[in-house]
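One letter stands for each residue in the lines below.
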Amino acid sequence: MTAVFVRLLFIVSALWADDYPHDAKAGLISPGSAFIIYYDGQGPLNFDTLTPGSLPADARPFGSVQGRSCQYGVSIPFNISYPIVRSPSISSVWGNSSLKKIINAMTNDHPGLKGIYDAQIDKHTIQVLGIFTRLCIEVTAKGFR
Amino acid sequence: MLLDIKIKNFLIALPVMLSGCGLIYTNVRTPYGYHTATPIDVKAQDDDSLVTGESCNKSLLYLVAWGNGGYAAAVEHALSGRQNMILYDVRSDLKVQAYLFGLYTKTCTVITGRLGRP
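Which chain is which? The protein sequence lines are D and Z, in order. Residue numbering for the first sequence follows the working numbering, beginning at 6 and increasing consecutively. Residue numbering for the second sequence follows the working numbering, beginning at 3 and increasing consecutively.
No lab work stands behind these hints: they were computed from the structure. One should not assume that every hint holds.
[Stated by the list, open to error] Keeping only pairs whose Cα atoms sit at most 30 Å apart, straight-line, the calculated BS3-like set for lysine-lysine is:
hint, chain 1, residue 1, chain 2, residue 2
1, D, K30, D, K106
2, D, K30, D, K147
3, Z, K97, Z, K108
4, D, K119, Z, K60
5, Z, K108, Z, K60
6, Z, K108, D, K119
7, D, K147, D, K105
8, Z, K97, D, K119
9, D, K106, D, K147
10, D, K30, D, K119
11, D, K147, Z, K45
12, D, K119, D, K105
13, Z, K108, D, K30
14, D, K106, D, K119
15, D, K147, D, K119
16, Z, K45, D, K106
17, Z, K45, D, K119
18, D, K30, D, K105
[Claimed, not checked] Using C-beta positions, here's what the derived DEER-type ranges look like:
hint, chain 1, residue 1, chain 2, residue 2, range
19, Z, H79, D, G58, 46 to 56 Å
20, Z, L65, D, D45, 41 to 51 Å
21, Z, T54, D, K119, 24 to 34 Å
22, Z, N86, D, P61, 48 to 58 Å
Here a beta-carbon is modelled for each residue, glycine too, at the ideal position from N, C-alpha and C.
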């Protein structure tokens, strides 16, 4: 019941943030239960990316760039009961899918990259049996030198 | 009394079920952020065409969820290979179709915008 409530809180907060897009909405893995033994995750909060009209005067666009980074979570139930969401479990989350790490990786992959614009940021979630979760933040954008 | 509690728990869990996750396996992409261009950012013309792009996630029997409903896929669909163009004045919407208490759910990100030259 607690896990359902926690999950519902994440959904409601995301819906609230959609009404106020300037508000930050954290891209963190939601823990599978209230019994969290270890949580060390970083995720994106807000990124007011550039648009084509706000590029520096000396910017030279060079095409599409992509970057991705992931967080991982494990939630092990104490027992298997139906519905699964009501099984108490212990959970652990780790990983760094922050925008800082993604932009650093893009810069390493594209030497000379000064910045990005027209960026789309997506969340790629893979979850198996509610036990293992991988949340990746993917950035697809255009780069400039 | 017990039936009331079960119905109440079901109604609370319903948004979780319809959120596009599968209990057994989930592999979905969801939109997170997109700071779109405005007419002042591109060489906007009055006759720039209005295009729509859509990307979807699906879930079945609350057990399996799959798809790519992210912004990047929707933008790629809207551009349809015209990579030298850029979308501006973009509106993004969410379209949800659910049948039989969410046994099958399709959640789509729909973006509508104009094609302009950077």
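Cross-check of the supplied hints:
Between K30 of chain D and K106 of chain D the CA atoms are separated by roughly 18 Å; this keeps the pair inside 30 Å, and the hint holds. A C-alpha spacing of about 23 Å is found between K30 of chain D and K147 of chain D, which places the hinted pair at or below 30 Å, so the restraint holds. In summary, the hint linking K97 of chain Z to K108 of chain Z is supported, as the alpha carbons are separated by about 8 Å, within the 30 Å threshold. Among the hinted pairs, K119 of chain D with K60 of chain Z is inconsistent with the structure: their alpha-carbon atoms are about 38 Å apart, more than 30 Å.
Taking the CA atoms of K108 of chain Z and K60 of chain Z, the gap is near 4 Å; set against the 30 Å cutoff, the hint holds. At most 30 Å may separate the alpha-carbon atoms for a hinted pair to count; K108 of chain Z and K119 of chain D exceed this at roughly 39 Å. Between the alpha carbons of K147 of chain D and K105 of chain D the distance comes to roughly 17 Å, so the proposed pair stays at or under 30 Å and holds. Note on K97 of chain Z and K119 of chain D: the hinted pairing is violated, with a Cα-Cα distance of about 36 Å set against a maximum of 30 Å.
Restraint check: the Cα-Cα separation between K106 of chain D and K147 of chain D comes to about 17 Å, which is no more than 30 Å; the hinted pair holds. Pair hint K30 of chain D plus K119 of chain D holds up; C-alpha atoms about 26 Å apart against a cutoff of 30 Å. About 17 Å separates the Cα atoms of K147 of chain D and K45 of chain Z, which keeps this hinted pair within 30 Å; it holds. The straight-line distance between the Cα atoms of K119 of chain D and K105 of chain D is roughly 14 Å, inside the 30 Å bound, and the hint therefore holds.
About 24 Å separates the Cα atoms of K108 of chain Z and K30 of chain D, which keeps this hinted pair within 30 Å; it holds. Between K106 of chain D and K119 of chain D the CA atoms are separated by roughly 15 Å; this keeps the pair inside 30 Å, and the hint holds. About 11 Å separates the Cα atoms of K147 of chain D and K119 of chain D, which keeps this hinted pair within 30 Å; it holds. Using a Cα cut-off of 30 Å, the hinted pair K45 of chain Z and K106 of chain D is violated, with the two alpha carbons roughly 33 Å apart.
Simply put, K45 of chain Z and K119 of chain D have alpha-carbon atoms about 23 Å apart, close enough for the 30 Å limit, and the pair holds. With a C-alpha separation of about 16 Å, the suggested pairing of K30 of chain D with K105 of chain D holds against the 30 Å cut-off. For the pair H79 of chain Z and G58 of chain D, the supplied restraint of 46 to 56 Å is violated, since their beta-carbon distance comes to about 24 Å. Separation of L65 of chain Z from D45 of chain D is about 30 Å and departs from the stated range, judged on CB atoms against 41 to 51 Å.
Separated by about 33 Å at the C-beta atoms, T54 of chain Z and K119 of chain D satisfy the suggested range of 24 to 34 Å. For N86 of chain Z and P61 of chain D, the Cβ-Cβ distance of about 21 Å falls outside the hinted range of 48 to 58 Å, so the restraint is violated.
Hint compliance for this structure: hints 4, 6, 8, 16, 19, 20, 22 are not met, and every other hint is.
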